[in-house]
Amino acid sequence: MNKTLAILVWGTVAALGGAAVSTVAVRRGEPINALWLVVAATCCYALGYRFYSKFIAAKILVLDGLRATPAERLENGRDFLVTNKWVVFGHHFAAIAGPGPLVGPVLAAQFGYLPGTMWVLAGAVFAGCVQDFVILLFSVRRDGKSLTEMAKDEIGLVGGFVAYAAVISILIILLGVAALIVVNALKASPWGTFTIAMTMPIALLMGVYLRRIRPGRVLEVSALGFVLVLAAIWGGQYVSQNAALARLFTFNAPTLAILIIVYGFAASALPVWLLLAPRDYLSTFVKLGTIALLGVGIVALHPTLHMPALTRFVDGSGPVFAGKIFPFAFITIACGAVSGFHALISSGTTPKLIARETESRMVGYGAMMCESAVAVMAVIAACVMQPGIYFAINSPAGIVGQAPAAAAATISGWGFPVTAADMQALAHAVGEQTLYNRTGGAPAFAVGMASIFSHSLGGERLMALWYHFALMFEALFILTVLDAGTRVARFMVQDALGHVYKPLGRTSWYPSILATSALIVAAWGYFLWQGVKDPLGGINSLWPLFGISNQLLATVALCVATSIIIKLHRAKYAAVTLIPLAGLVAVTFTASWHKIFDSNPRVGFLAQAQALASGPATGATSRLIFNNRLDAAVTGILIVMVTLVLVESLRQWWGILNGEIEARVKETPFVRTRLVEEQG
Amino acid sequence: MKQIITSWQILRNVLREIFDEAAYARFLRRRGLASSSKAYAAFRREFEGAKESRPKCC
Numbered sequence: 043m044n045k046t047l048a049i050l051v052w053g054t055v056a057a058l059g060g061a062a063v064s065t066v067a068v069r070r071g072e073p074i075n076a077l078w079l080v081v082a083a084t085c086c087y088a089l090g091y092r093f094y095s096k097f098i099a100a101k102i103l104v105l106d107g108l109r110a111t112p113a114e115r116l117e118n119g120r121d122f123l124v125t126n127k128w129v130v131f132g133h134h135f136a137a138i139a140g141p142g143p144l145v146g147p148v149l150a151a152q153f154g155y156l157p158g159t160m161w162v163l164a165g166a167v168f169a170g171c172v173q174d175f176v177i178l179l180f181s182v183r184r185d186g187k188s189l190t191e192m193a194k195d196e197i198g199l200v201g202g203f204v205a206y207a208a209v210i211s212i213l214i215i216l217l218g219v220a221a222l223i224v225v226n227a228l229k230a231s232p233w234g235t236f237t238i239a240m241t242m243p244i245a246l247l248m249g250v251y252l253r254r255i256r257p258g259r260v261l262e263v264s265a266l267g268f269v270l271v272l273a274a275i276w277g278g279q280y281v282s283q284n285a286a287l288a289r290l291f292t293f294n295a296p297t298l299a300i301l302i303i304v305y306g307f308a309a310s311a312l313p314v315w316l317l318l319a320p321r322d323y324l325s326t327f328v329k330l331g332t333i334a335l336l337g338v339g340i341v342a343l344h345p346t347l348h349m350p351a352l353t354r355f356v357d358g359s360g361p362v363f364a365g366k367i368f369p370f371a372f373i374t375i376a377c378g379a380v381s382g383f384h385a386l387i388s389s390g391t392t393p394k395l396i397a398r399e400t401e402s403r404m405v406g407y408g409a410m411m412c413e414s415a416v417a418v419m420a421v422i423a424a425c426v427m428q429p430g431i432y433f434a435i436n437s438p439a440g441i442v443g444q445a446p447a448a449a450a451a452t453i454s455g456w457g458f459p460v461t462a463a464d465m466q467a468l469a470h471a472v473g474e475q476t477l478y479n480r481t482g483g484a485p486a487f488a489v490g491m492a493s494i495f496s497h498s499l500g501g502e503r504l505m506a507l508w509y510h511f512a513l514m515f516e517a518l519f520i521l522t523v524l525d526a527g528t529r530v531a532r533f534m535v536q537d538a539l540g541h542v543y544k545p546l547g548r549t550s551w552y553p554s555i556l557a558t559s560a561l562i563v564a565a566w567g568y569f570l571w572q573g574v575k576d577p578l579g580g581i582n583s584l585w586p587l588f589g590i591s592n593q594l595l596a597t598v599a600l601c602v603a604t605s606i607i608i609k610l611h612r613a614k615y616a617a618v619t620l621i622p623l624a625g626l627v628a629v630t631f632t633a634s635w636h637k638i639f640d641s642n643p644r645v646g647f648l649a650q651a652q653a654l655a656s657g658p659a660t661g662a663t664s665r666l667i668f669n670n671r672l673d674a675a676v677t678g679i680l681i682v683m684v685t686l687v688l689v690e691s692l693r694q695w696w697g698i699l700n701g702e703i704e705a706r707v708k709e710t711p712f713v714r715t716r717l718v719e720e721q722g
Numbered sequence: 004m005k006q007i008i009t010s011w012q013i014l015r016n017v018l019r020e021i022f023d024e025a026a027y028a029r030f031l032r033r034r035g036l037a038s039s040s041k042a043y044a045a046f047r048r049e050f051e052g053a054k055e056s057r058p059k060c061c
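These protein sequences, in sequence, are chains A and B.
Quick note, the first sequence lines up with residues 43 to 722 if you use the working numbering.
Quick note, the second sequence lines up with residues 4 to 61 if you use the working numbering.
Don't read these hints as lab results, they were simulated from the structure.
For every residue, glycine included, the Cβ atom is placed at its ideal position computed from N, Cα and C.
Be careful, since some hints might not be right.
[Stated by the list, open to error] A short, non-exhaustive set of chain B residues, derived as facing chain A with CB atoms under 7 Å:
hint, residue
1, Trp11
2, Ile21
3, Phe22
4, Glu24
[Stated by the list, open to error] Just a few of them, taken from the derived set where beta-carbon distance is under 8 Å, the chain A residues facing chain B:
hint, residue
5, Gly142
6, Cys377
7, Phe383
8, Ala655
With the hints as extra help, turn the sequences into a complete structure.
Now the structure itself:
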């Protein structure tokens with residue numbers, strides 16, 4: 043493209059993006075069209091990728107297309123493999139796209155569409171994409187080392203230990219909160235429970251097909267599984283309409299929690315190749331398909347956003363979760379803006395597949411942009427609903443009351459009109475008995491998605507099918523995260539225990555498998571049980587805890603990245619990672635302070651424990667007090683650990699910049715690639 | 004037309020990689036085996052450890 047044309051094209055993109063962002067940010071009082079968000083996001087991503095990521099690639103990372111990557115040097119046909127860049131991109135995106143970017147923005151929509159949208163766009167372009175990109179490249183230059191190994195090498199033993207502890211903590215809290223979302227989505231929902239239950243025999247059938255009938259034909263069997271899942275969704279409505287069958291598939295929250303805990307243990311401890319691997323493929327198939335479909339649906343239908351730009355709940359009194367817009371909007375939305383967990387993927391499988399260093403920009407920065415686009419879709423799905431309906435679905439009974447009329451009156455009193463009849467009609471339209479108090483984000487997202495789909499495909503008649511399709515889609519891949527996460531955490535614990543007693547580290551030794559599986563499942567099962575029993579719905583305390591721990595891991599990742607940049611004598615560019623790092627430190631430390639010490643019992647864990655202690659005692663009071671103190675202690679421990687990493691990093695940066703510490707990075711020495719000659 | 008074919012091939016390859024079909028094909032090539040239920044079982048056994056320890060994001 044010649045220079046004049048390039049200036050013209052990019053000038054137009056910038057002007058269009060500026061106009062769209064301004065419209066989203068400034069328009070008040072009347073609803074705006076979702077397309078403004080789509081245009082704002084597309085332009086921001088295009089500009090961020092074209093200019094910011096290119097600047098990082100050229101000036102800071104100095105990507106070298108002639109340097110052989112570990113995929114080439116260590117190629118073994120298994121973990122290390124030279125792979126087409128689009129294939130690596132797809133692989134990386136499939137691994138980072140979980141339920142987080144769907145649930146977080148739905149919960150944060152209680153502040154209005156503006157805070158979530160702005161954080162998703164700015165957070166992704168300046169923090170999340172940067173983190174994923176630099177960590178990926180630094181791992182590529184270190185033979186595909188993991189984040190914990192890089193933290194140990196570049197910051198020291200403290201860094202390595204804290205990164206390890208943060209990963210385990212995040213996994214446990216994540217699994218607890220993910221399971222809680224499934225419980226809240228499926229409780230008292232025979233249709234949803236039936237559909238999810240049916241995925242197990244479907245997966246078994248897929249397993250037999252893969253193993254016996256057409257070995258290795260995963261795409262084929264996944265397509266077949268997808269059709270069967272659609273049939274199960276269709277069949278679910280008959281189950282919900284038949285009194286005897288409906289009773290069989292109707293569970294309350296504690297029963298569902300126990301079933302999921304048992305499932306988690308079985309998934310981790312048993313050699314269940316027959317069930318788990320096919321379910322994983324099925325989930326990936328549904329995930330990629332649904333995200334694409336939702337994107338097309340939003341653009342084709344371009345619905346109006348009914349949620350205001352900002353709601354009265356920016357003051358911290360929100361019913362979905364308590365806490366002010368700063369810092370809570372920034373920890374509620376993690377995966378769509380910046381997520382420490384992504385650093386694990388960027389330093390896991392992906393660096394072992396990259397063929398050329400220059401491709402890490404597209405994979406690292408580009409895939410995170412797509413993840414952020416998924417979060418924008420979630421904001422739209424949540425905000426197309428009438429706000430009264432959104433709050434009726436997402437508010438716990440402890441805030442708005444149990445009775446439909448009382449809940450509707452409370453929500454209408456906040457300025458978001460809704461009637462019990464509206465809610466009953468909506469519940470009927472989606473095939474549920476009730477939609478009140480369905481906290482966790484998944485049901486609200488399902489209603490929003492069903493509304494978008496039903497307006498573009500099939501009309502109101504198919505609303506119930508689309509709702510249950512959306513619910514199944516979320517529950518399916520949350521359950522996949524649950525069983526994959528439990529096994530990953532088990533491997534990590536076994537790896538650590540192996541240093542104490544060797545047989546415990548053997549992943550095939552059954553006593554160790556059972557003991558470590560029980561340990562991990564008990565840990566996240568405890569948080570799940572705590573959430574199920576919480577009168578405020580569980581999400582109020584557990585999601586912020588998850589957000590804090592995830593963003594603290596991002597803090598560790600950005601400390602590692604900044605350390606390496608300074609050691610590479612590129613300190614003048616360190617602001618690229620230092621500014622997001624400072625932002626995350628401000629957000630996570632403020633949020634942690636509030637969650638531990640805030641005097642409002644809905645925000646502060648200790649204040650809530652105090653309020654419970656001074657209130658009327660019930661059978662559950664002492665347990666609730668203990669849970670709140672435990673949550674405060676977990677938050678405090680995480681903050682102390684990350685403070686240690688920060689202090690250690692600062693000490694090192696100071697020493698290097700003053701010449702007191704030698705700046706020595708632990709990169710693999712340069713080896714010239716052979717791929718260029720082969721291609722040439 | 005050529006671009007459409009190339010795009011389709013890329014999409015197909017991405018899906019084959021995500022769904023481990025490509026990994027199975029490489030396994031067969033490496034071991035010099037033909038596809039069979041035994042070969043697939045051996046592939047799963049070899050692949051399980053790596054697959055299980057792979058994190059999935061939130």
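So, going through the hints one by one against the coordinates:
1. Trp11: With a minimum Cβ separation of about 12 Å from chain A (threshold 7 Å), the hint on Trp11/B is violated.
2. Ile21: Holds. Min distance 5 Å.
3. Phe22: holds (4 Å)
4. Glu24: OK, holds: Glu24/B within 7 Å of chain A, min 5 Å.
5. Gly142: Holds: closest Cβ of chain B sits about 4 Å from Gly142/A, inside 8 Å.
6. Cys377: With a closest approach of 6 Å, the Cys377/A hint holds.
7. Phe383: At 5 Å from the nearest chain B Cβ, Phe383/A passes the 8 Å test, so the hint holds.
8. Ala655: Result: violated, 33 Å to nearest chain B Cβ.
This entry does not satisfy hints 1, 8, going by the numbered hints stated previously.
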